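**Student:** Protein sequences, first through last, are from chains P and R. Take 1 as the starting number for the first sequence in the numbering used here and just add one per residue. Take 1 as the starting number for the second sequence in the numbering used here and just add one per residue.
If you are wondering where the hints come from, they were derived from the structure by calculation, not from laboratory data. Keep in mind that the hints are not guaranteed to be accurate.
[As the list claims (entries may be wrong)] Heads up, incomplete: computed chain R residues facing chain P, CB under 7 Å, no partners named:
#1 N8
#2 L52
#3 M61
#4 L148
#5 T149
#6 A156
#7 Q158
#8 G206
Quick caveat: nothing in here was measured; it's all calculated off a predicted structure. Ideal placement from N, C-alpha and C gives every residue a C-beta, glycine not left out.
If you want the building blocks of each chain, they are given just below.
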Amino acid sequence: VLRSGTTSGSLAIRAARRIALNGYPMTVMPRVMFTVYLALIAAGLVLYTIVGLTHG
Amino acid sequence: MRRLWRENSLSIVFLALFMGALAGQAFAGWHDFNNEALSHQQDTISLGRYLLSSSFGNAVMENWQSEYLQFTLYILLTVWFVQKGSPESKELEKSGSESDEDQRVGEHANADSPAWARARGLRLWLLSNSLVLVMATIWLGSWFAQALTGRNDYNADQLVHGEPALSLWQFLGTAHFWEATLQNWQSEFLAVGSMAVFAIYLRQRGSPESKPVGAPHNATGIEG
Chain P
1 VLRSGTTSGS LAIRAARRIA LNGYPMTVMP RVMFTVYLAL IAAGLVLYTI
51 VGLTHG
Chain R
1 MRRLWRENSL SIVFLALFMG ALAGQAFAGW HDFNNEALSH QQDTISLGRY
51 LLSSSFGNAV MENWQSEYLQ FTLYILLTVW FVQKGSPESK ELEKSGSESD
101 EDQRVGEHAN ADSPAWARAR GLRLWLLSNS LVLVMATIWL GSWFAQALTG
151 RNDYNADQLV HGEPALSLWQ FLGTAHFWEA TLQNWQSEFL AVGSMAVFAI
201 YLRQRGSPES KPVGAPHNAT GIEG
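Please construct the entire structure, taking both the sequences and the accompanying hints into account.
**Tutor:** In structure tokens, the structure reads:
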């Protein structure tokens, strides 16, 4: 039995149930791709700035 | 899964191409680095050490900065500059930042417009310029990282040849830094300029970067 709540666990369960009932929420994917690209770029910039500053 | 692929294939394919090319660059660069070290009677390094080296970082950042400069300038300059007949250009009379009605902001925002398109002041300004702000930040960040790693790489070479190491400020004044920077910029500017001009008369059926095949050569701002 699922009850509404605010913990991340219950949110995840409710999200999983919505996906099971309605299919994968496609509006999520553009955000996922946006985040993946931005995170990759930020990781590269931070990494090689640190490498440059630490004379790697 | 099929729908996920169909709706996001462009970003997935380019992500895969990026990862593959970066892995190839790392592997080839590592071998090249070690070959160079052996020719100077120096120790070779592991792949992991090479990935965290200024040599590899400089090669990556040098290319990133020029690509992001290219897109920053292209996004920004196409606000005001136009090219008759090019699908990369706006229609000639739309040069400039356009009216609120054209841009669907403020009271002209639609129900499904981003929330900040309805806002005023800083939030609207940020949303209105967010693409250029992010691209320019990446450009400047990668150019800075190129300078830092390039200096380390340059100084390593200086030491091998018994020359003095340079400060960052001194390195920014070297022909080496500017040659590495400008050799990338020139190719980006040529590629973008030629793309805008070639697309006046040439077509690629089905591509949004091209006009429809049957569109007239003088049609401006039409995408297929």
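**Student:** None of the hints should be skipped; say for each whether it holds.
**Tutor:** Now the hints, each set against the structure:
no.	hint	result
1	N8	holds, 5 Å
2	L52	holds, 5 Å
3	M61	holds, 5 Å
4	L148	holds, 2 Å
5	T149	holds, 4 Å
6	A156	violated, 9 Å
7	Q158	violated, 13 Å
8	G206	violated, 22 Å
Violated hints, listed in ascending order, are 6, 7, 8; each of the other numbered hints is respected by the structure.
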